[in-house]
Amino acid sequence: MTKIKSLFMALILSLGVSSAFADGHGSTLDVVKERGFLKCGSNTGLAGFGLPNDAGVWEGIDVDVCRAVAAAVFGDASKVEYVPTTSKVRFTVLQSGEVDMLSRNTTWTLQRDVELGLEFVGVNYYDGQGFMVPASLGVSSATELDGASVCIQVGTTTEMNLADFFSANGMSYEAVPVETNSEADAAYTAGRCDVYTTDASGLYASRAGYPDPSAHVVLPEIVSKEPLGPSVRHGDSAWADIVRWSLNAMIIGEEKGITSANVDEMKNSNDPEVLRLLGVNQVGDTGAGYGQWLNLSDDWAYNILQQVGNYSESFERHIGPNTPINIQRGLNALYKDGGILYAPPFR
Amino acid sequence: MTSNPLRKLIFDEKIRSVWIQALVIGLFAFLVYTVSQTTAYNLEKRGIGTGFEFLHMSAGYDISFSLIDFTSKDTHLKAYFVGVLNTLLVSISGIFLATILGFLVGVIRLSSNWLFRNIAYVYVEFTRNVPVLLQIILWYSILIHLPKVKQAVQFLEFFYLTNRGLYSPSPIFLQGFGFVLWSFIFALVFTFFLKRYLKKKQETTGKQYPIFYINSAIIIFTPILMFYIMGMPIEFSHPVIKGFNFQGGMVLRPEFMGMLLGLSIYTAAFISETVRSGIMAVSKGQREASQALGLKNNFIMRLIIIPQALRVIIPPLTSQYLNLTKKLIIRNSNRLFRFSSWLWWYFFKSNW
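Top line first, the protein sequences correspond to chains B and W. Quick note on numbering: this note's numbering labels position 234 of the first sequence as 234, and the sequence is numbered without any gaps. Quick note on numbering: this note's numbering labels position 241 of the second sequence as 1241, and the sequence is numbered without any gaps.
One chain only, chain B, in its complex shape (with noise of 0.2 Å):
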């Protein structure tokens, strides 16, 4: 009997060890620091917003936050590692402690925020669902799509704002499901469907990849808000906070015209903001930076601005109207340009 005693303490133990080792992340800034690179889960592939490029470097919009988080955290923004998760696992595995942020392309609800337990700490791009038809079908308006043989991929939030949206304007359809972004890419290009619909960012990033994408227009109609930015778990509020400032050093840094080019010849400017962000101000006199309150060195967002550069610098390097995925900014520009960017002040 002691041996199967043993049997059941052994079983007890295994299954209670990893139940604890699932809980038992401490702070994630020290847990991040004593490995010496960040895990950031990424897309697994969306042109301009995360993918690797030929030399197998991730690059993209979404991918500049993590390494600007990994420059906030390290000095040095090639210290991450990335997980490419599927839009089916990406909470899970940000839940279970397998990265320490996510940072792919994903809406902000309520229900994401409060009930599966993450935490949204800011938006890096303004999305909405939009609608993609070839340019030769001479539709300009989505309104104008009554009975036309749509792309939808099963199971998602998309599918449901499409049914809203095509009841809401008393239109019929044909919904042809498909599982993957790459099927729906063949089924809309072979004309097995005369409309695609995803988030329009995901459109634009298919579209640059057809033979011609200036065969193709996506409509003006926007049917949904999907604010898209980096998230954390919930319940390490300080590790939220250099993730969210991280985001927000970016987007103050094109406000205050910072970009990886000038961020030296900055650290001389007028502008007291300025040298609080580059860590050339103190707080009052107190003889530290403002790296102090993240736990952080004070050059943490000098090293994010030359580094990864501003918002506006990641944005027309990755998908802005030089790139293949030519997205103009519309929401997405500063407060000051008539987008709706905008950070709290940086004291």
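Rather than coming from a laboratory, the hints here were simulated on the basis of the structure. It is possible that part of the hints are untrue.
Derived DMTMM-like pairs: lysine to aspartate or glutamate, alpha-carbon spacing no greater than 25 Å straight-line [as the list claims (entries may be wrong)]:
1) W:Lys1326 with B:Glu179
2) W:Lys1150 with B:Asp164
3) W:Lys1078 with B:Glu179
4) W:Lys1242 with B:Glu179
5) W:Lys1242 with B:Asp164
6) W:Lys1073 with B:Asp146
7) B:Lys88 with W:Asp1074
8) W:Lys1148 with B:Asp185
Since chain B is already given, all that's left is putting chain W on it; use the hints.
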């Protein structure tokens, strides 16, 4: 042997096997219990509540092909039944096609014609060794690269082939069509008894009747006669291009046809081998004996060979049918049942 009960516990084979089994079952139950408790605990800790309440919530999405009425306001449960019906439709059609093709190829493989025999051989070997998923994708890709709606291929006057599917006129039954249907059922019942009667007569008098031809004629012509008597109570709705798509008529979608072709052509290759082995399992002596009796070739096949072959064929055939259905469900668990989206709802109460 002493009758010490403790010794019995170990050395009596019957008693020993009982408590060992009980122990294993208990251990397993404990394991299941612990794992589920730990899972539940960890889920709760992460604020993830599970439950099937979502089944009674409205699905929120549309299904373009459904045998029963379905709108986005209906529940997830109803969407599931739509999936079950669609699965049954595809698997039954697939089984039907695969059986016909399989029997045909199986018989051809035993043909004395070198060319036919080897064409069947190549088909079987090729199809069996290419993964079925690849074949489904191949057929689907071919189908969605057919001409677009505006350049639809028209054939047999009323049919249109496009990359959105095969469109055909759909019948609209007017009043009086019920009589035609009833006359058909009546003809079926009548021919059943007629066949029994004529068989009996043949057994007593030895006179043979062309039962097959007589019955076929009755089954075909009775409803047609009724159809004209009732004044042709049927109309057709023809598919017409309107806007983006054909409207009206019936349509077989490329998703449906691709799945059907891929699965049934694949399964047919296996069925043909089953059929061939079944026929070859009937000993040569049976054929020779019936030839010696002077039976005609088609009688030999129908009365001697096939009944014996079926005994060998049917058991593996059922597993082929199961296989087809299983492959269909695995390949389409998301499209038909939204399986992963169910998991998501179960845990997170939303789509992803």
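Going down the list of hints, with the structure as the test:
1. W:Lys1326 with B:Glu179: Within the cut-off at roughly 19 Å; holds.
2. W:Lys1150 with B:Asp164: 29 Å, violated
3. W:Lys1078 with B:Glu179: 21 Å, holds
4. W:Lys1242 with B:Glu179: Not satisfied, since the Cα-Cα distance of roughly 28 Å exceeds 25 Å.
5. W:Lys1242 with B:Asp164: 23 Å, holds
6. W:Lys1073 with B:Asp146: Given that 25 Å is the threshold and the Cα spacing comes to 19 Å, the pair holds.
7. B:Lys88 with W:Asp1074: Satisfied, since the Cα-Cα distance of roughly 24 Å is no more than 25 Å.
8. W:Lys1148 with B:Asp185: Given pair Lys1148 (chain W), Asp185 (chain B) holds - Cα atoms ~17 Å apart, limit 25 Å.
The structure fails hints 2 and 4 (numbered hints given earlier, in ascending order).
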